[in-house]
Structures are given as C-alpha cells and as structure tokens.
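Sequences and hints are given; from them, build the entire structure.
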Amino acid sequence: MAREQWGSRIGVILAVAGSAVGLGNFLRFPGQAAQNGGGAFLLPYFISLLVLGVPLCWAEWTMGRFGGVRGFNSAPGIYSVIWRNPISKYFGSLAILIPLVIYMYYVVIEAWCLGYAYHYLTGSLMKGEGAEAYQSFFNNFVGTQADGHLLSAGGRQLLLFLAITFILNFVLIYRGVSKGIESFCKVAMPIMVVCALCVLVRVLTLGTPDADKPDQSVLGGLGFMWNPKLEKLKDPQTWLAASGQIFFSMSVGFGIIVNYSSYLRRNDDVVLSGLTSASMNEFFEVCLGGLITLPAAFIFLGLSAGGFGTFGLGFNALPNVFAAMPAGQLFGFLWFFMLFLAAITSSLSMLQPVIAFFEEAFDLKRHASATFLGLLSLFGVGFVIYFSKDMLALDTFDFWVGTTLIFMLAMIQAVLYGWIFGIKRGHVEAHYGAHIRIPWFVQLMLKYVAPIYLLVIFVMFCINNVPSYARTILANPVALGSILFILGIMAFLLILIYIAGKRWEAQGRYLNLNNDESAFPVLPQEDSR
Amino acid sequence: MNDLNPAGWTVMILSVGSVLTLVTYCLCRVLALPPVEVEEHLKAPLDIDTRDTEDAD
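For the record, the sequence lines run as chains R and P.
Using our numbering, the letters of the first sequence map in sequence onto residues 1 to 529.
Using our numbering, the letters of the second sequence map in sequence onto residues 1 to 57.
Hints may be right or wrong, so weigh each one.
[What the hints assert, rightly or not] In silico SDA-like links for lysine to any residue, alpha-carbon gap of 20 Å or less:
#, chain 1, residue 1, chain 2, residue 2
1, R, 232, P, 31
2, R, 234, P, 7
3, R, 502, R, 71
4, R, 229, R, 35
5, R, 127, R, 311
6, R, 389, R, 471
7, R, 229, P, 5
8, R, 213, R, 326
9, R, 213, P, 5
10, R, 186, P, 32
11, R, 389, R, 310
12, R, 186, P, 35
13, R, 229, R, 326
14, R, 232, P, 9
15, R, 229, P, 6
16, R, 186, P, 33
17, R, 424, R, 440
18, R, 186, P, 30
19, R, 179, R, 190
20, R, 232, P, 10
21, R, 186, P, 29
22, R, 186, P, 31
23, R, 234, R, 464
24, R, 232, P, 2
Derived from the structure by calculation, the hints contain no laboratory data.
If you're wondering where the values come from, they're calculated on a predicted model, not measured in any experiment.
And the structure:
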C-alpha cells in the first residue's frame, strides 16, 4: 500500500491547527479567564504556552515524522521505533484510546452545533428574551431529562443531525489524509475565520444596547474579560487553570500530532510548521474567543455571564445574546456554523490515528478499516446518546479520558522524548528541513521542566477533581457503566496491539529498524547538540 | 462593574497584538517558501540525463 502523505505545507499546518481549534477556544478559554483573574490569567497562560505548549508540540511533531519516515503512522508503531522495547507499543494504546473515546462524545456535541446552526437558519431558535426558553430547548435537544430521551418520540431530532455529522466525518476520513482531511481543512479554516470576524465586528459595534443598563456596554464586556485582578496570581488555582487550558487547547497529549506529522516527508519542516499551527490556535483562542464570547454575553446578561460553564455559555447564554442582538438570527447561524466547522476539523483528527492503526496493524484496506472504526465508534456514540440524563456518560468519558488520560499520555510523551529519544537526537532530528531553529534551552526544558511541570499540574488536578468523580462512579450505575465501557475498549485495544506487534515481528519490520543507521541522525556540519 | 481600564487595555492590546504578530510572522514565512516539490528539487542532486546508459544492455 502506498504511503499516505500531505499534499502541501500549508495543508498540514491547517490540519493540525484545525485539530486544535475547537469549542474550547471559543467557550472554555473565556470562561477560564473570567473565573481566574481576567487579564491576569494571561500571564500564566502565556508562560505555559512557552514552557509547555510549544515545546511539547515540537516534540510530538519531531517524534511523529521520525516514526513516519520509518514506516509507522500509528502511535504503537512510532513508540516502538523510538523506544526499542517490547512494552513501548502498549503505551501507544493510550494514543488510540483517547481520540477514539473522545470522538464518541465529541461527535454528539458536533451534532448539537449543527442542530443549533440549522435552527438559527430557519429562525426556530429566535425565541425572544428569557433564559427559560433556551434552557428548555437545550435540555430537550440534548436529552438531559432522562436516559433514552433522545430515542423517544419527542426527542429524536438530534439523531438526524448526528447521522449527518457522523456520515460527513467518515466520508472525509475515507477519502484519506490529503484528499479528505487536508482538502476539508483548507476550506473550513478560512470560512471559520470569516464567520468569527463577522461575529466579532457585530459584538464590538453593539455599543450600549440597553440605555437602562449603562454598565452593560462593549467596554464593560471587554473590561469583564480583560481587566486584570492581580491578586489572583497568588492563587495556585489560576496557574493550574492556565496550564490546563494551554494543554487542552493545543491538542498536546491526544496522540493526534504524532499521527498527523507521521505523514510528512523526511525533509519536511516541523519547526516552523509546528509554531505556525500553534500560533493559529492562539489566534482563534485569544483574538477571537477572548474578544467575542464573554464580552457578548456580558453586554446582554451582565455579571451572570461569568457563572456559566462551557456548555452553558455556548448553548444557553449565547442564544439569549443572539435573541437580543440586532440581526441576531444571522449572527447566531454564523456562530454555530463556525463552531460546527471547528468541531469537525477536530473530530477528523480523532479518527485518523485510529484508522491508521487498524490499517497498519492488519493491512486493512480503507473501506474495511473505515467500516470497522465506524461500527466501533457507533457503539460508543450509542452509549452516550442513550445515557443522556444530565449528560453523565458524556461527562464521565470527558473527565477520565478527555482530561485525565490526556495528562498521562502527555507525560509519557514528554519522558519518551526527553529521556528515551534523547534531546540531542531530538534537536538534530527536528532540524532536518527546518526553516527556523529551536533554541537549545527549549530541549532542556523538554527534558527537565516539562515532565515535572506536567506532573505537578496532574497531581493538583487529581487532588481537586478525582475524589468527587470517584464518588460519582460508586454512587451512579451509569458512571460505573461508562468506566467499564472505557476499560473494555482499552482491553480490546491492548489485544489488538499485541497481535499487531506479532505481525510486525513476523513481517520483519523491526529488523529493518535495527539496521537503520539514520536512527541516530547527525547532520553534517552540525555541532554535537 | 468597571469599563475596560488602562491595565485591561494594556493586557488586551499586548495579548492580541503579540498573538497577531506571531501568527502573521509564521504565515508570511510559510507562504513565502517555495512549494514542497520545488524545494525538494532544489535540495536533490541535479537530475541531468547524461545518456550514459543508452547503449547499455
């Protein structure tokens, strides 16, 4: 089978940026900033970006291309190349489990966005002012009242949007890396920018819509988001939240960048490309998310805008805002359509690492691997859709896989790069075909600072969150069932990786690696670093 | 609640400005590069047909 490759330099950058840009950029980031010191939040945020985000991205890009050039596109294979140890491939199971399980609930959220965009297009979401109507619509639409609600007579409308979203994802993934993912991202990313800029201009020109509430103006909204509360910098929670936001926003530790960069050629740049995709993600997050979401919500809802969670802000608060805003129906459609595109570029990136593993491990053709992955993910989507009460299954998947396991995989990858692959080797490898240089101290940070930083964040995160989620598992059968579901998928993947390892041995793919002199690359005229 | 104060303006302009500068710099660098195929050709040995092997059997 011919090796898949990206069609162009900008294509892979847009694909990686599209993978990172999602609902978190527009909904999670502003909420985190407002709750953790407003403008003061940006200081730990940018420090985390420089210490953790960009270096880890470069490490993933480098390891992915290194494995890809040696014939592996899936994490188990790439880890085997980097660490010649029989157990290394099993660590790769996390890099398949994480995107697979996240896809199972993320595609449902994607369908919410499509559904909201459709309802704005038809005008049926313009319900006038009053939070109750939008809360009620959301609850019915996503089925929070009861398990099985989305399969009952009154709650099935989400299923249609889910079917469209699910099929669109698989059509694109079936077309492959270049013709599917890259082509779609090349169109979707510019459209997202245009949609977001339209909404941004609308929000920044709102003035003071209600003369009776002079505080609720554009400047008041921007002040709510950006005025720094410096005392918050003394609170460790602010630093934890900022690091967590950078970490989740940039798709570090998802197993996605390693997979995407494995389709690069030997001399394709990873340094400038990695920095460009990271900066594009920051553009969506800081320049668009930071200027649109919370200021808009504040202008119409006042201080209560800061009390919404991610979904509350996106699907309850903002519909209230669009209802009160001139031409709100149009801007509501643009907003949710943009979120839909942002979500789909992310969900595609969750499918590719898994399909790459199935094809690489069992020499499956694309139709077979896509069918198998489709059935497997449909099983999980069905679980999330059926157990929709209070979104408990979704929340459990998100916490244990979409948050906790991501921390663990990021730590594994940081150790793999810094201590096993080696920073000297990584430094040389990263600079093959590079158009800018990585300063040497970044490698030292990757070896010594990033793993410790990640560990500290992880421990603090566990102390703050794990006890309450653990209690939920013990108290609620749906939460327990969700955990058992995840464990079942994990066991299944470990078995597949075991079989894949045996097949790779039998095919002699590891023998080729042992004869690979370029495994320890040294650039000509390059110093020993 | 206060309007955007001078400290808020400063943080906002610095944050948005630095991100815009970075993304503009990166995109300009990327878009100014030759296409991958051209670049590969520039790095590769010259592909000159010397016709040395024409009479080889």
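Okay, the hints, checked on the actual structure:
1. R:232 <-> P:31: Violated. Residue 232 of chain R to residue 31 of chain P sits at ~40 Å, over the 20 Å cutoff.
2. R:234 <-> P:7: holds (18 Å)
3. R:502 <-> R:71: holds (16 Å)
4. R:229 <-> R:35: holds (10 Å)
5. R:127 <-> R:311: holds (19 Å)
6. R:389 <-> R:471: Holds: residue 389 of chain R and residue 471 of chain R sit about 18 Å apart, inside 20 Å.
7. R:229 <-> P:5: With Cα atoms ~11 Å apart, residue 229 of chain R and residue 5 of chain P stay inside 20 Å; holds.
8. R:213 <-> R:326: Given that 20 Å is the threshold and the Cα spacing comes to 17 Å, the pair holds.
9. R:213 <-> P:5: OK: residue 213 of chain R and residue 5 of chain P at ~19 Å, within 20 Å.
10. R:186 <-> P:32: holds (18 Å)
11. R:389 <-> R:310: holds (18 Å)
12. R:186 <-> P:35: Satisfied, since the Cα-Cα distance of roughly 16 Å is no more than 20 Å.
13. R:229 <-> R:326: violated (32 Å)
14. R:232 <-> P:9: Within the cut-off at roughly 18 Å; holds.
15. R:229 <-> P:6: holds (13 Å)
16. R:186 <-> P:33: holds (18 Å)
17. R:424 <-> R:440: holds (9 Å)
18. R:186 <-> P:30: Since the Cα atoms of residue 186 of chain R and residue 30 of chain P sit roughly 15 Å apart, the hinted pair holds (cutoff 20 Å).
19. R:179 <-> R:190: The given pair, whose Cα atoms are some 17 Å apart, holds under the 20 Å limit.
20. R:232 <-> P:10: holds (18 Å)
21. R:186 <-> P:29: holds (18 Å)
22. R:186 <-> P:31: Cα-Cα ~14 Å, so holds.
23. R:234 <-> R:464: holds (18 Å)
24. R:232 <-> P:2: holds (18 Å)
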